[in-house]
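Asks: The primary structure of each chain is shown beneath.
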Amino acid sequence: MIPTSDDRRAQPGGPNRPVEHALEELLAVCIARLIRAQPTGHIAVGAASPIPAAACWLVAKQGAPVRLSLLHKRSGNPFTEGTRELFDLTGQGRIDLFFLGGGEIDGQANLNLIGMGEWPGTQVRFPGSFGSAFMYMMTGRTILFREEHSPRVLVERVAHVSAPGVSAPGVFRRGHAQALVTGRCVFRFHPERARFSLESLHPGETVASIRAATGFDFDAADDVPQTAPPSAEELALLRGVVCDEMLETYPEFCARVFNRKSAA
Amino acid sequence: MIPTSDDRRAQPGGPNRPVEHALEELLAVCIARLIRAQPTGHIAVGAASPIPAAACWLVAKQGAPVRLSLLHKRSGNPFTEGTRELFDLTGQGRIDLFFLGGGEIDGQANLNLIGMGEWPGTQVRFPGSFGSAFMYMMTGRTILFREEHSPRVLVERVAHVSAPGVSAPGVFRRGHAQALVTGRCVFRFHPERARFSLESLHPGETVASIRAATGFDFDAADDVPQTAPPSAEELALLRGVVCDEMLETYPEFCARVFNRKSAA
Amino acid sequence: MTLTSLDAMAASVPDGALLAMPPDNSLPSVALAKALIRRGVRGLRLLGVPVGGFAAEILIGAGCVAEVETSAVSLGEAGFAPRFTAAIKAGSIVMRDCTCPAVHSMLQASEKGVPFMPLRGLIGSDILKHRPDWQVIQNPYGPPGDEIVLLPAISPDVAAFHAVMADEVGNVWLGRRRECATLAHASKRALVTVERVVPGNFLEDERLASGAINATYVSAIAIAERGAQPAALLDEYGFDAAYVADYARMARTEAGFQEWLAREVFAQAVAAE
Amino acid sequence: MTLTSLDAMAASVPDGALLAMPPDNSLPSVALAKALIRRGVRGLRLLGVPVGGFAAEILIGAGCVAEVETSAVSLGEAGFAPRFTAAIKAGSIVMRDCTCPAVHSMLQASEKGVPFMPLRGLIGSDILKHRPDWQVIQNPYGPPGDEIVLLPAISPDVAAFHAVMADEVGNVWLGRRRECATLAHASKRALVTVERVVPGNFLEDERLASGAINATYVSAIAIAERGAQPAALLDEYGFDAAYVADYARMARTEAGFQEWLAREVFAQAVAAE
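Chains as they are written, first to last, in the numbering used here: chain A, 364 to 627; chain B, 364 to 627; chain C, 5 to 277; chain D, 5 to 277.
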């Protein structure tokens, strides 16, 4: 069972789940751990989802010496040369980590942000690919994030490749997906074999339930661990100083998820 | 006889020379007439010489709807994207007229701003070519200006081509030299035959004296006219409102040439 | 200084023009988009720099647009752009998908007067497969097999954006939104709406010069107070999320969109007369 | 915020570094050039952006420089740069002549992370003939025979320039001299001297943001009051023509230059201690 929008606040459980928390909080903590797992100097965050932004702020508030460039920050926007500066900055190799999602994501980590049916998406049209065809290949690494985990989104083969998960030998590419975080689990990506492996299961999930909800094949060890729940300290940061930083850009998200009751 | 630096203020003469004037004033007026002879919306002026700058201001003060971009203007510098903006502006085809000189200028209007002797000028080294190899080919037209008119400067063939006077068919090029103005005469340039013709003689010069002072061959009609002297109105503008505009950038020139006694 | 009215500005944009506009986070002239709808412009080819926002969406919905070249059309937090999505499904517009830095690079190529600009990335993306106008070459400075995309220069017929202010000689100021400067440099004409016209010359003020666009690139200026709304304008006013959410709700259907148009575009002109 | 001393900054520039600097009209750090001379740096490869001025001239004269890549070295109104000219004649430096927009384009290529950038012009110039590292290709978007130069990206080891001020998070502000921003973007390290450090964050101020360079590109900042002199600094102070004229007079000879160095570079350090 995955939490739905009507049932977001998971119940407290055993020794690993000491504090009641929202799924969004679990996901932000998951992503924060993936960030901290590798050296990360400079992260760029688009407006796509507030959850990766929360993860980045969490890492920063935990004291990691990370620089955050938030694309859609209105006051104090980091770019003084307009919107092209993000892409130039990334072209320079200065961005270690970026986040991408996709209308479809397939088992080779290809992303489809274009649509379904004939090009350019005559059946279903997504807004478009933004900078993904560049960013995915030019950042040090990418964390893929898509809360919806269903066979509709996680497909065997995307209808259209906005941005390729792996590249042919000789093609200039700085990095790949590090992981795919969904509402059900964390997958690690292995660019050398262009395959995902199951890293951890969110509460209530099993390898079988993930297989059932996933359109692509993936590797799984015999004993896939549970996703560790947020610690009390992580939750306090999220609901306190992280929420403070996010209020201007994501007021609706902050109201819905952090609620501020927890911080009071 | 040409005026020397010790004898710059020419004596009043016949009906065409009603007002005493400096050679610099004659040259500025010559250049201004060349500017007005063709449609000219936007002129860029480098710091190389104040005389072309004076000519541009004269044209503007005569009421022509011309835009001046003065590269080295400190207050109110026209470029808000740094020094590359001049070259971008020119690349866009927005600059109708630019000025260039040269340590050497040859009969095909090739410019040498590099030096003499083996590359890069082991015998005589000039400061360098600045943007000439780009500007000469990308501006609508160029007025060449070099006050010194001697076989040392005006040569049959430049030692090194910083910027070519003409280009092979198929080479992208927007314009050529319109004319070459010196301390002795005005040459018109004919890109279709890559040759100069003598347009007018400054006071005291003859076709023979020009041939003697010029290292390259050029065309001359049987009756080459005298360069028309500055009118009283042109001189009043130069010494008044033109001088006012130039004082910040060229104080030494303004003191030496315009003297302000004339305007008083 | 070429001050004109918003309607005269809209009238100066010919049917079929290649019109480039920034999206909601970088100073679109929504006022001009609405004036263009009122003028009944047809056959526009829109370039979203680098994506399309609210202004692109309403122009598409109003039937003003034949082609769109951009990296996305989105209403941001309010989600998919419903009239854009409907037009793609109906096949009523030609869509040329880009990637954001490609739009910037194609404009910078025009800004620099070069016929093309290289760009990394893209290889292996279906975006490239659907752009026969984009060439792939061996990188002459790279090892064998290092291919790179060359993007052709693009020079919009008209650039349109909203700046904070113009000065008395026709320079406009929009601070750090320098993509609008590149857009003006690259375009044949730049139409700029502003909140106000102020005395003086921005280029004479070191604090303002770096956020100014020289008048040489500005073809016409019209005053349009709150001309970026519902988009934000720097520190002048914020994003009007409620307005866009209301739009997104109404524009789910063609009928709802027409009702919105009547109320928010056509009735506004009558009210202003 | 990485505040350091001028001497520590000079010490951080290794012998043989590719050092890029703007000329006298666009905010050179003459203070850092003098500190580099005092530190006795050797074998620098200088890149003049797009030309070299007073700072380049004195570094060359002091024997700090092995190679110069630039479009000119000049003292402006004061004429030829005498120690540069002498070094060329003596063959003691390698000179790679450029054209101004080529310098900008090579830096912009690094700024964008592309391996090269095309540039018009140059064809038919001997500058091109002496640059075997510059390739000429058929323009793939042009008619047959339309050749164009491709310039390789250049990424200086160190960029050095002088800004008006730094803020408390390490952003620096230099107004319209945006070539210094491109230079910082393109370089591996950017060393910036400033007149002063001020409280706050330039990026939070719409009036200052467009003339700021984000701290992410700034490796170190040192306070050097009047650090651009004799060059001018925006509206802070003007060009010191008398100082440069005095230099030009003394530097006509090697002995005169050494006398100037002793008085204006080495004695200054002693006085400051």
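Worth double-checking, as some hints may not be accurate.
Below, simulated EDC-like cross-link-like pairs (lysine to aspartate or glutamate); rule was C-alpha separation at most 16 Å, straight line [as the list claims (entries may be wrong)]: (1) K436(B) to D209(C); (2) K93(C) to E481(A); (3) K93(D) to E481(B); (4) K424(A) to D607(A).
Here are a few chain C residues that face chain B, going by a calculated C-beta distance under 10 Å [unchecked claim]: (5) E115; (6) P147; (7) P156; (8) S159; (9) T186; (10) E199; (11) P203; (12) F206; (13) Y221.
The hints are simulated quantities; they were obtained by calculation from the structure and are not laboratory data. As the structure is a prediction and not an experimental result, all values here were calculated from the model. All C-beta atoms, glycine included, are put in the ideal place defined by N, C-alpha and C.
Asks: Decide, hint by hint, whether the structure agrees.
Replies: Status of the hints after comparison with the structure:
1. Simply put, K436(B) and D209(C) have alpha-carbon atoms about 13 Å apart, close enough for the 16 Å limit, and the pair holds.
2. Distance check on the hinted pair: K93(C) and E481(A) sit about 10 Å apart at the alpha-carbon level, within 16 Å; holds.
3. Proximity of K93(D) to E481(B) is assessed by CA-CA distance (about 10 Å); at most 16 Å being required, the pair is judged to hold.
4. Of the pairs offered as hints, the one joining K424(A) and D607(A) holds, with about 11 Å between alpha carbons and a cut-off of 16 Å not exceeded.
5. Given hint, E115(C) at the interface with chain B, holds; its Cβ is 5 Å from that chain's nearest Cβ, closer than 10 Å.
6. For P147(C), the shortest C-beta to C-beta distance to chain B is roughly 30 Å, which exceeds 10 Å, and the interface hint is violated.
7. For P156(C), the suggested interface contact is broken, since its CB lies about 15 Å from the closest CB of chain B, more than 10 Å.
8. About 9 Å separates the beta-carbon of S159(C) from the nearest beta-carbon of chain B, less than 10 Å, and the hint is met.
9. Hint status for T186(C) relative to chain B: holds, with the closest Cβ pair at about 9 Å, below 10 Å.
10. Interface hint status for E199(C): violated, as the beta-carbon distance to the closest one in chain B is roughly 20 Å, over 10 Å.
11. Checking P203(C) against chain B by beta carbon gives a least distance of about 15 Å; that is not within 10 Å, so the hint is violated.
12. With a cut of 10 Å, the hint placing F206(C) at the interface with chain B holds, because the nearest CB-to-CB distance is about 8 Å.
13. Proximity of Y221(C) to chain B holds as hinted, the smallest CB-CB distance being about 8 Å (cut-off 10 Å).
Hints 6, 7, 10 and 11, counting from the list given before, are not met by this structure.
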